[in-house]
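Q: The primary structure of each chain is shown beneath.
4 protein chains.
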Amino acid sequence: MIKASIIGGTGYAGQELIRILMRHPEVEVVTVGSRSFAGQKFSDIYGNYEGLTDLLCEVSNIQEMAEKSDVVFLALPHGLASKMITEEILEKTKIIDLGADFRLKDALIYEQWYNIEHYNKPLLDEAVYGLCELHRNEIKKARLISNPGCYTTCSILSLAPLIKNKLIDENSIIIDAKSGVTGAGRGTVLDVMYSECNESVKAYKIGEHRHTPEIEQELNLFNGGDFKLLFTPHLVPMNRGILALCYANLTADISLEELKELYKDFYKDEYFVRLTGDKLPETRWVKGSNFCDIGLKIDPRTNRVIVVGAIDNLIKGAAGQAVQNMNISFDLDEKTGIDFITDFPI
Amino acid sequence: MIKASIIGGTGYAGQELIRILMRHPEVEVVTVGSRSFAGQKFSDIYGNYEGLTDLLCEVSNIQEMAEKSDVVFLALPHGLASKMITEEILEKTKIIDLGADFRLKDALIYEQWYNIEHYNKPLLDEAVYGLCELHRNEIKKARLISNPGCYTTCSILSLAPLIKNKLIDENSIIIDAKSGVTGAGRGTVLDVMYSECNESVKAYKIGEHRHTPEIEQELNLFNGGDFKLLFTPHLVPMNRGILALCYANLTADISLEELKELYKDFYKDEYFVRLTGDKLPETRWVKGSNFCDIGLKIDPRTNRVIVVGAIDNLIKGAAGQAVQNMNISFDLDEKTGIDFITDFPI
Amino acid sequence: MIKASIIGGTGYAGQELIRILMRHPEVEVVTVGSRSFAGQKFSDIYGNYEGLTDLLCEVSNIQEMAEKSDVVFLALPHGLASKMITEEILEKTKIIDLGADFRLKDALIYEQWYNIEHYNKPLLDEAVYGLCELHRNEIKKARLISNPGCYTTCSILSLAPLIKNKLIDENSIIIDAKSGVTGAGRGTVLDVMYSECNESVKAYKIGEHRHTPEIEQELNLFNGGDFKLLFTPHLVPMNRGILALCYANLTADISLEELKELYKDFYKDEYFVRLTGDKLPETRWVKGSNFCDIGLKIDPRTNRVIVVGAIDNLIKGAAGQAVQNMNISFDLDEKTGIDFITDFPI
Amino acid sequence: MIKASIIGGTGYAGQELIRILMRHPEVEVVTVGSRSFAGQKFSDIYGNYEGLTDLLCEVSNIQEMAEKSDVVFLALPHGLASKMITEEILEKTKIIDLGADFRLKDALIYEQWYNIEHYNKPLLDEAVYGLCELHRNEIKKARLISNPGCYTTCSILSLAPLIKNKLIDENSIIIDAKSGVTGAGRGTVLDVMYSECNESVKAYKIGEHRHTPEIEQELNLFNGGDFKLLFTPHLVPMNRGILALCYANLTADISLEELKELYKDFYKDEYFVRLTGDKLPETRWVKGSNFCDIGLKIDPRTNRVIVVGAIDNLIKGAAGQAVQNMNISFDLDEKTGIDFITDFPI
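Protein chains in written order, with my numbering: chain G, 244 to 589; chain Y, 244 to 589; chain R, 244 to 589; chain V, 244 to 589.
It should be emphasised that the hints constitute simulated quantities derived from the structure, not laboratory data.
Careful, some of the hints might be misleading.
No copy is singled out in the list; a pair is fine if it fits within one copy or between any two copies.
[What the hints assert, rightly or not] Derived DSSO-like pairs (lysine-lysine); straight-line CA-CA distance at most 27 Å:
# : residue 1 : residue 2
1 : K471      : K522
2 : K246      : K578
3 : K507      : K326
4 : K448      : K522
5 : K471      : K409
6 : K448      : K284
7 : K246      : K384
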């Protein structure tokens, strides 16, 4: 059994992680750390665990956790993980960080988008960007896995085959993404009060969202370029799910059928990427699962390609992918414990 | 492996059943019958199954299904199952009927509430009412299990300990229940169009809902009485979940703590009934699970007891309990394949 | 033109009041007081007012407001209004208080349910309970009008004709009410975060909600009794609306048709009470309006009557009724400025 | 008083129109035509009208309506209005058509996008495209006003100043729009059943939605060009509202402040267009109103401009604009009867 600890276990992503790990056949949850709820029973914070666990939230001590765990998951606001993780800790345990601190390889870009100093530049090189479908081999050997963001997972998987095959003008990329409200976390902020965001839709941080440079970093790896794209997130009145519409100008002369074949080929070994064929992805079909659904469309009138990606922001966009990374890292079948079929309608 | 077939697999309850059975470690889904979608791929009807199954919907032939299945589940509108099931079929396979045809023991009451003739009175005696927590021993031996309704499961489990212990005036019982919209099924009816039922709440069929006699039948079994109760259902703008508020006048002098102990004792061996202690049940904590959460309150000002029950209408209220019945029937651990922790927030 | 000021104008009820008053043909809004937002433009707090008003929120000075206003509305948490209002102020202006401080005539009961001392007992006698349909004549002459609560308005109007006509056992009354989320106000509390209350329903404060004694006080006025009732509120995932199911045992031998006639007669002069005849009220039909819809049902099996009431909690349950009180008080047509037809589907 | 009749009064847009007209100080509703509900009381179809009107739905006879009405509104599926309207009718009454039949000036384009023959080509030239802010002078003189679509109103108003001032590469325009569910109408279709579209978001008809050529037609009028754009609609789980994100590559060297000034100037006389300054539009602030809110953003990294437009699809996107057209047409103050402040939170 893999002994796992979680720091930041009472946010939405942390809680989802604990839920998955509690039913994972190869994992034992050892410790749950939570600043805000230390001393409380986990089932008192989240009523779905009533009668199912005696877990107590503890003040997080990463040293102790590292001693007694095979893997420590961190689900923290940015700026905290980079202070906690040291060479010494990495010698004792694997780290899977669900936060943003080790996603961007360039500390300058991090500092520019996050407006704080990066506290652990030496580890940036070692950290592996844990987008499983693209970095599986590095993940296998990594001590420190930086789990991707939710918007980024969906956007990168949607665009990767187009970029790799040089079919589009990279400078024409626009990503218009929509997210459910859990994406904003569990903080009691006016904007995500029920009556403030229910029955309304809005765009926010147009061109300024922190997932932008992360998407650019990963997509530029394919061709060694340095293109920029425009990313627009939206808040949609639903609990979960991300839908990303990725627009780009086609530079190649390619038919929709050829494009679909090319995507099929690119993802032929990937269980968690599903191509939706003649249909378009909808968040309801991936909610509660670790799947990323991808659909394709060509607009012949404007010679554009539109890729539609859909994931569950808390699963493939956070906790599910974290466990997928753990499975890869511990040489388990990648699907173990995360092979959920979406419950519908839920 | 238990070979299972489903008739009526494309309604919400049928689909939920297939989802559960597909991940059940001891079950193989053999046939899915669907009048409306015969010939279509199941994954074309429900996009969550994309890439996960090649199941085709077939015209239901219960004879053939009975030959090749260890158990056949029926999820049909009332009046159909009673025509299909025969002695001959019951000799070949077990039947778990999610519909209403065999729930009421008294054909006259059935005919009065359902406004149609009962087509199979001889089997009424044999059919076992599959409320697992109350009829486990009969379920073990049954050939024909009649799976309870959603409102009824929640209401009966909430009230049983009170009735059995003769703590209340049975004639004072009022059940005020609230259901999510999936309770209405997948028919394209104006009332359950998004913009018609979203952002609104309503009561319907006050005192006239067909689950009323079912609740009365089961609760009257405890004391051999014949009391009547008032049952009021509501439609609440959410996909899933039932919350039942059960009101009754206390006749015994009992404290809240004593009452809680009594419930604890009554359900001490029941994994799927959870008592929420000082908190009250909320549907969000049971959604997607097979649990029935029960909370208790006494109003000293009016000397009333209020029992609050919560379930997922499609799981403990339909497909989950059907599988629980199957597990009991095939002598498996009752939790097998249905031990879900609620995914939250979803 | 009636000069009106509002203290506590940035909560949901206060804001709704300002919206109504801004379009009221006989009113000019003079001052908006807001502790939390003093100095800010009202349209910066609520984007619906963009371009429509230059109103600035000010620190509330009730003395100054009283000098320059014909009426001052207070929309404050309990315990504040009773400290602000003095004899001197009432000599200068009329007060319509949307809070709870002057609703209960008995200071002891107030102190018991609100857990604080009552700061202004001398004015309790003078204050008029502003349920327009029941106290119109007193409202006309009042200097201090205490606007009823939302649950209470709906419950009292639903039950009044039954009580007055002595048709029920008063001790059998149970009110099971459901409210939209705006009823909880605009405070950033975990329970009313989108992902915490969306897609779920719960009961809360069973038998302990502060509107209980208010309903009892008003209904006991009819027969000079002292009966107690059980009131249960629920939180439903929708922005607005209250639905109250009122249950009682019939003591009279009365048919449904006779009962309907009796209600028709009771409310024959009331524009804002609508009897729904053969249909039952639903919150969608009253949302955004000042109507209270009432429907009736008799359950012959248990000899109970069920009255269903529906209102918009922020309009007939707060701001709309406050303006109705103002209209009565200033001898305007009672409908002026509040004769809204529900916008549907919204 | 203007005598008004409505054909197709029981769909969502027709009903909204009747609601507005019933409270319009200069209008009397004479006849409501409805194929599906002929003979029924309007208040039996829509419960919000309970007690407020005796209107009966009638079989639509446009000849009779034309005789006794000053204006006839049509709210019909495409292909019907073009068959009904004749020269003879236009001599008797003004027509405001909320459907699509007279929006596209080029019958070939109509036939290509709507897949049916156009039944009334001779009237295409006379019909005036009723986007009030752009065609006010023609509307004043028109006998036949073709009310714009919902997506189109929002998209055209958002982009017009950019196009007119030649600030962008017109071939780079992408419109990513999101709509509430009422946009799909009141037909009982599976896709808009509550449990099918609740808690999910999807794109549909990418590049193929019929509002595309309408937007192109109007925007190309400014510079006499023939550019094509890509339009993508989405279904969002909310009753009302449209949010359109309009992306384009800047060709001019212009600052955000200059751009805002330019929009201010363009819309300086328009009451119903509001510029949101430093904030971005959200549908909650326009819902229930006739406003179109517009916000602007420049992304310096990719040299793109993003215009965000928001309207209520049933008001400014349908019934409200139809009444605005009527007001212009009958020389009333343009705001008469449609100067609503959004009710919030609703």
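Q: Is the C-alpha distance from K471 to K409 at most 27 Å within one copy, between copies, in both cases, or in neither?
A: both (15 Å within a copy, 24 Å between copies)
Q: Taking 27 Å as the upper bound on the Cα-Cα distance, should K448 and K284 be classified as within, between, both, or neither?
A: Classified as between; 23 Å across copies, 37 Å inside a copy.
Q: If the cut is 27 Å between Cα atoms, do K246 and K578 qualify within a copy, between copies, both or neither?
A: both (18 Å within a copy, 25 Å between copies)
Q: Is the C-alpha distance from K471 to K522 at most 27 Å within one copy, between copies, in both cases, or in neither?
A: between (29 Å within a copy, 25 Å between copies)
Q: With identical chains treated as interchangeable, where does the CA-CA distance between K246 and K384 reach 27 Å or less: within a copy, between copies, both, or neither?
A: within (18 Å within a copy, 42 Å between copies)
Q: At most 27 Å between CA atoms: does that hold for K507 and K326 within a copy, between copies, both, or neither?
A: For K507 and K326, neither the intra-copy (41 Å) nor the inter-copy (47 Å) Cα distance is at most 27 Å.
Q: For K448 vs K522, is the C-alpha pair at or below 27 Å within one copy, between two copies, both, or neither?
A: Between copies only: 11 Å across chains, 30 Å inside a chain, cut-off 27 Å.
The structure does not agree with numbered hint 3 stated previously, though it agrees with all others.
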